[in-house]
Every structure is written in C-alpha cells, then in structure tokens.
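Residue numbers (this note's numbering), protein chains in the order written: chain R, 10 to 262; chain W, 580 to 851.
FYI, nobody ran anything at the bench for these hints, they're computed from the structure. This structure is a prediction, so every number in the text was calculated from the model and none was measured. For glycine and all other residues, C-beta sits at the position ideal for the given N, C-alpha and C. Accuracy of the hints is not assured; some may be wrong.
Stretch by stretch, here's where chain W covers chain R in the computed footprint (C-beta under 8 angstroms, at least three residues) [said to hold, decoys possible]:
| # | stretch |
| --- | --- |
| 1 | 97-104 |
| 2 | 107-120 |
Which chain R residues face chain W? A few, computed with CB under 8 angstroms, are given here [as the list claims (entries may be wrong)]:
| # | residue |
| --- | --- |
| 3 | Ile-69 |
| 4 | Leu-71 |
| 5 | Arg-91 |
| 6 | Pro-123 |
| 7 | Arg-126 |
| 8 | His-127 |
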Amino acid sequence: MMTTTETKKAAPPIQVKTLRKSFGRHKVLNGIDLAVAHGETLSVLGQSGTGKSVLLKIVIGLQQPDSGSVRIYGQEVTGLARPQLNEIRKKIGFLFQNSALYDSLTVEQNVAFPLERHGDLSDAERKKRVRELLSTVGMEKDLDKLPGQISGGMQKRVGLARALALSPDILLFDEPTAGLDPITASEIDALILKMQKEGNMTSIVVTHDLPSARAISDRLALMRDGQILIEGSFKDLQASKDEFVVQFLSRSS
Amino acid sequence: MASSSAADLRRARKTSQPALTALLVRFFEWFGDLGFFCLQLVRTVFVPPYEAREFAHQLDELGSKSLPLVALAGAATGVVLSLETRDSLVSFGAKSLLPALLVVSIIKESGPIITGLIVSGRVAAGIGAELGAMKVTEQIDAMEASAVDSYKYLAATRILACVLMLPLLTLAADFCGIFFGWVTNTLTEPISLQLFIENGFKHVTFNDFLPPTFKTAVFGLIIGLISCFQGMRAQGGTEGVERAATSSVVLSSLFIILADVLLVRLIQEFLP
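Only chain R is shown next, with the shape it has when bound in the complex (with noise of 0.2 angstroms):
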C-alpha cells in the first residue's frame, strides 16, 4: 500500500485539468488540460495575448483561475493557504518575462535573496552558493552591479540564477528569449538545456519562439482561442493539417 507521501511522489509534477479564466468579459483560458511527467519540457506555444503568461502565473498561485485544477505533485494549488502554497512555491523556479529582478539590489543580491529567506546555510555558504549559481549561468564577474547596469540577455542569466537558488524540481519560463538578440537567445536556449539535464528538472516554458522551443522541448502545445489546439512532438505538428498550425509554424520558422 502506498502512503501519501509516495502517491505524491507518483503524480505528475505538474497536472492541469480544465483551468479557465476571464478578465472581464475576455475569456483568456478556456478549458486547459496539461500534465507534465517528471524531467520532461513542455513548451506552451501561442499568439501574443492568449493567455500563456496567464496559465503559468495560475500555476504557481500568483492568479486564482475562475475554476478548474492545477497539481502540483497531487497537491491542489488553486485556493491553497499561504503557509502551504509558499511550501510548493519553493519546489517551482520562475524566470519572468522581463527578469523582473529587484532593480534597488545588485546581482549577488537578488539571487541571495530566496536564500536568505528559506534554508539554513551560513552567511558564508550562501555567498558560496550565490558565486556558484552566478558562475553557472556566466555571471560571476558582475556581482556588485545593479540589474539597470547590465543587459537584457545578462538579466535573464540573473533572473535563471535565481529562479535555480532553492534547487527547484520544477522550473517555469515566461518568454526565456522574448526581446533578446538570436545569438543570445541561443545561449539562453543553451543554458536551460543545461540546467534541465544537470537537475533533471520538469519544466513548461511559454513561448511564441519556435525555433527556441523546439531547441529545450520534449513536447509543444499549441494555444488558440484559450483552448490547447494541439499537443505532441514537433513532426506531430508538422503533420497537422489544421489551417491555424500550417499558418503558425510557417510563419515562426
């Protein structure tokens, strides 16, 4: 017989079933059903607008969705108290569309940051941690800068740092390469590759970067009208004789 703790263990990391959520009268998602297994990437590709960002924020509780489920290893996240939800939180890294790195901090700043809200390492293990991190991503000669002193590509490396400061086993990108330049999205591309083979991570990644996407996933969604149009490999979409498919990967390519 299996306890609680090996039942969670056994769910999907990450389970969606029919999540919905309108601003006003816009029905953003309508009817989400997504479930990630464990160290797989699933890139969750869409027009601008149709409720990608939306769908992680829910995932992580920053959004309550109108209804429907979000799992988190079995957990129900949707509704979920404070003290329990910030438990999950810790077990999710989030690399946010803009970085979103606290701007009145440095570099080794804002990646101590969860740091020194969570864990037990000393002043000095956490600076090593910190160097660690940053090194891992190319970022150790910039500790001391401030986040408006550096690039946007060098931002995302901060905010990657980050989002992998508490070890997470989940990892959620909003947009990894939105606004960046091709060689550095490449490098960005890279750099999570790296990230999920090291951890062994599960990880959605939302994006309207078709070439990206096809770089760092395992398997892509495809987004219309709040609803998932199409789901599977790459050549699984190819395949696809859907007139807005055909359109969307002829267009990204």
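We have chain R already, so just place chain W on it with the hints.
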C-alpha cells in the same frame, strides 16, 4: 426651446446615472479591497520570520531621512506663528502670553499636523512610486514566486516604520518650532530661552502633550497603509506608477486631515 433643454437635461441624467453607479461601485470596491489588504497584513505580520533587517532599513529610509524636512517645516511654523501672533497680542496688551500661545499651538496641533502632512508628501509618494514600479515590473510577483510574503516584507515593514517614526518626528518638529519661535521673538525683544520655556510650559500638562504627539502614530498608520495599498495594486506601466504615487499622497493627506478632526474631538472628550 424649453422642451429641447428639458430633453437635454433628461439625456444628461440618463448618461450620468450609469457613471454615478460606476463611481459608487469603485468607491465601495476600493474600501473592500483595502479591508482585504488589512486582513492579509494582520494574518502575516505576527507569523515568523520577522523581517527585522528590512524594518530597520525602513526606519532609516522613512524616518531618519525625513528628519531634515520635518525639522525645517517645524522651524518655519514656529517663526510664522511668532511673527503673526506677536502683533495681535501686543495690540491686546497680552504680549506676555506669546510663549504660552506658541508652545500650546505647536504641541497641540501645528507640530503634529505639519509633520503628518510633510511626511505624507515625502514618504507616501516614495512608497507609492516604489511599490507601484515593483508591481508593474513584476518584482512583487517574483518575490511571491520565491515564497517570500510581499505583504510582510514590503508592506508591514513600511507601515510599522511609519507608525513608529511619526511621533518621534513630531517631537523634532515641536522642538524646532518652539526653538525658532523663541529665536524670532528674541530678535524683536530679547528674552532668555529659559524664561521663554518656563512661561511657555507653565500651564501645559501631560494631557496637552502626549495625546497630540501619539495621535501622529495614527497618521503614520494612514500614510503607510494607504501608500502600500495604492502601490501594490498599481497597474498599467509608468502611468500606473504615477497614479499610485499621486493617489498615495492625495488620499493619505486627506485621511490625515479627517482623522485629525476625529482624534482632536476624541482627545477633548476622553482626555480633557
């Protein structure tokens, strides 16, 4: 002609009714959201970890850095009160009452209200703009995503710092007001500071001094609460930040004046 203007009036009424309803809905929504914000704060503020380092930082940021401005405003009030009342008192032959009048008016009303409004201008705008910018650039979301309670880290620390610092800043404003009131007075007609203080405080009791000073803790609560609330609900880019900053100052100043009326009446009733 008359029927056309009556029709215009009816049309104007029809269009203004939904606008009025929307305004009322927004008004009650605002108070509802503020109530929910207070509830969230109360829920989190007593639960560890306590953000002591951030609280100390805010004491410095909101309190110590407001000191020069508050001291200057207090000094200016003392000078103006001394100049304005002197002529009137001389014409009534009551010149000797000047120290008492100055001291009582500063410690009972001018010092507290000037401090409240000056800090509201400086601090509420700062908090509203800072938290508003953090909200629209998703920094508050990033904090929450890192399992850090933004109500506790950002709002509770700032509100408590305001509550604690306002009475202390009021003391500074009172001191500067009385001191520069004496300086102004003594430039016209020399009088020793000791005599000025003795005359000024002759009829002052603790009930004249403590309640008006400690009522500014309520002003601090208003400044901290309103500006954190307005900042943390900002939306819509730089325009949203500007709205958050402006509304923080306007609303906290307005509520301070209203609270002052109520508190003065309560003090008169219960601590005569």
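For each hint, the structure was consulted:
no., hint, in the structure
1, 97-104, "holds (count 4)"
2, 107-120, "holds (count 5)"
3, Ile-69, "holds, 6 angstroms"
4, Leu-71, "holds, 5 angstroms"
5, Arg-91, "holds, 7 angstroms"
6, Pro-123, "holds, 4 angstroms"
7, Arg-126, "holds, 5 angstroms"
8, His-127, "holds, 6 angstroms"
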